[in-house]
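S.K.: Residues per chain are reported as follows:
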Amino acid sequence: MTTPLLEIQDLRVAFHHRGRAIDAVRGVTLQLNRGEILGIVGETGSGKTLTGLAMLQLVPSPGVVTASKLTFDGIDLLDLNRAGMAALRGKRISMIFQDPATSLNPVYTIGTQIDAVLSVHTDLDRNARREEALARLVEVGLPDPQRVFDTYPHQLSGGMQQRVMIALALAGDPEVLVADEPTTALDVTIQAQILTLLDRLRRQRGLAIILISHNLGVVSQTCDRVALMYAGSLVEEGKTDEVLQTPAHPYARALIASMVRSGHRKEPLKVLSGSGPAPGTIPTGCAFAPRCVMRVDRCLTDTPELIQFGERSVACLRAHEELVHD
Amino acid sequence: MTEELLSVSGLIKEYRNSSGAPIRALDGVDLTLSRGSTLAVVGESGCGKTTLARSILGAVTPTSGSVRFQGEEISSLRGSALRQVRARLGFVQQNPATSLDPRMRVADIIAEPIRAHGLVREGQLTQQVAELAELVSLRPAVLQQRPMELSGGQAQRVAIARAIALRPELIILDEPTSALDLSVQAQVLNLLLELQHQLSLSYLLISHDLDVVEHLSDTIAVMYLGRIVEKGATEELSRSANHPYTSALFSATPSLDPAARRKRIVLTGDVQSSLLDMQGCSFRSRCWLWEKLGEPAVCAESQPLLIQKSSEVLAACHFSEQVALAAPSGFNET
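As they're listed, the protein sequences go chains A and U. Quick note: the first sequence uses numbering that gives the first Met the number 0, first residue 0, plus one each step. Quick note: the second sequence uses numbering that gives the first Met the number 0, first residue 0, plus one each step.
Take the hints with a grain of salt, since some may be wrong.
SDA-like cross-link-like pairs, simulated, lysine to any residue; straight-line CA separation at most 20 Å [claimed, not checked]:
| id | chain 1 | residue 1 | chain 2 | residue 2 |
| --- | --- | --- | --- | --- |
| 1 | A | Lys269 | U | Ser201 |
| 2 | U | Lys262 | A | Asp223 |
| 3 | A | Lys265 | U | Arg263 |
| 4 | A | Lys265 | U | Pro257 |
| 5 | A | Lys68 | A | Thr111 |
| 6 | U | Lys262 | A | Asp198 |
| 7 | U | Lys291 | U | Arg263 |
| 8 | A | Lys238 | U | Asp256 |
| 9 | A | Lys269 | U | Arg145 |
| 10 | U | Lys291 | U | Ala323 |
| 11 | A | Lys238 | U | Ala258 |
| 12 | A | Lys238 | A | Lys269 |
| 13 | A | Lys238 | A | Arg252 |
| 14 | U | Lys262 | A | Arg25 |
| 15 | A | Lys269 | U | Arg238 |
| 16 | A | Lys265 | U | Arg104 |
| 17 | U | Lys262 | U | Ala326 |
| 18 | A | Lys269 | U | Ala326 |
| 19 | A | Lys265 | U | Ser237 |
| 20 | A | Lys90 | A | Thr111 |
| 21 | A | Lys238 | U | Lys291 |
| 22 | A | Lys265 | U | Arg238 |
It is worth saying that the hints were derived from the structure and are not from the lab.
With the rest of the complex left out, here is chain A:
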């Protein structure tokens, strides 16, 4: 068995406010292997973006990141100082964000921006860097790279900007790409192009990808494994098709059941009532218990641990009822 490229155990992100710690991420355990695409899904406020940011030491101040283990290729990320992390970030682990228009610098040309990354992470001279930058633009499927090289971000469409972002993120040849809602701001046909591109990069370069998304369809079409978050914790994790076709956690089941299904036009949808707890107001016991149709008394007092059932992990006190006699 190979060791995972990225290992996360009991990751927590807390914000201290008026002498009180508010936990936004409450103990996430995940592994990512080389060449694998792992989806992290959840609704607004579930902690999925902070989980991604924590891997690159990008959690905004005053957030405090702790974990019993947070390693990348054997390197302890929590132990790394600013310089150590800076050397890793962009070089071995990269991140792209939802809105390329705000992530690119509007006053520099695309060429200048890629060149800046290459001059930090490679020893190439100026001409070689230009060749390399053009090759990167071709790699992400941008037609006419010469022209793109000399343009400013606002002269490109959203889909082209996101390709540029991916080219920038990959310029240092990273092994891991954390992509936070990379297609949410894009049209569906452009989304399909970007997802196809990510899959190709995984196959061609063995890139490992963490895809953070709120869209279960996107995750289903792209990811090998999926982790579902609720109120800062993982509630279910496993192979994408298994989790999405036969979800075991009551939250996963309710969420998937509420989706629009073809062939049931204008029929009422099953509704998951209530809304998720805000950070700092998470109840004791299971965070989902107040909304859960399977709730029993101990759900209000005992916090469920993530328990493994074959290739799937579920954090529900009654999970064995679902999974054991399957």
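Fit chain U to the known structure of chain A by using the hints.
M.R.: Coordinates of chain U only, in the frame set by chain A:
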């Protein structure tokens, strides 16, 4: 024959780009919407769907063509006549966080259109706002709150309550659920269907989310670069497309079905700008079917017209009968 509530014909809206060249945001759009039904307009950014909605609301003056609502020509109305027609049109925008005034209490937000049109006295207003809140399942306590205190779902209910405050017959829904979380989306879709039934509302739904469109609509119009390339009954159109753009849109919508992954059509390139001098079919440069058929010359020479393809569907493609046949069972990427 059902009565037509809204009819748009030959609608053209031209803008000029920075170098003065004409650009058609709408290029001859024909649509009808019958009472009590839902028409969905789908397409990507820049296809003209928002300009179409704004023309119907009278916020954009078309270059030519007509928009008739309950038999009245909207595009020529001004001042108080336009205000009176607008009272019969509701509008729900994409993002309730930005479409609701953060300084106002929810009760005042819902009451605002009623006050603006001076329809009832203040005494009756409280009663009416309470009724509207109940219609959209908002707790009475919410009426005293301000938008920032609301969840996304509550905020969208407030926007819907405001849209139905004047009891309009037509509501324009501009991406009503795309800013909402998945679990909230189902609540809002259910509410929209209930209200349509209870109040006999007609909806013009503008969306790029085909799952939502399929769920809510009776008919679909697919737009590309200011033109309608296909329109027809939702069930037929979603089952088998007659235009290669429609089939690409449906196949690109990510679903939970593992089998759908292999059938995805990935279009190359972006939507072009709608410069006027383009000859032939404007979808040609991205058309997977054109490529597959060996780039037939007719597509480069003549703009296909929107013509009847079956009893319930019209499409604008020279090779529409090939779309379903050639659609991928193992189509691949670029």
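S.K.: List in ascending order the numbers of the hints, as given earlier, that are violated by the structure.
M.R.: Hint check: 1, 3, 4, 5, 9, 12, 14, 15, 16, 18, 21 fail, others pass.
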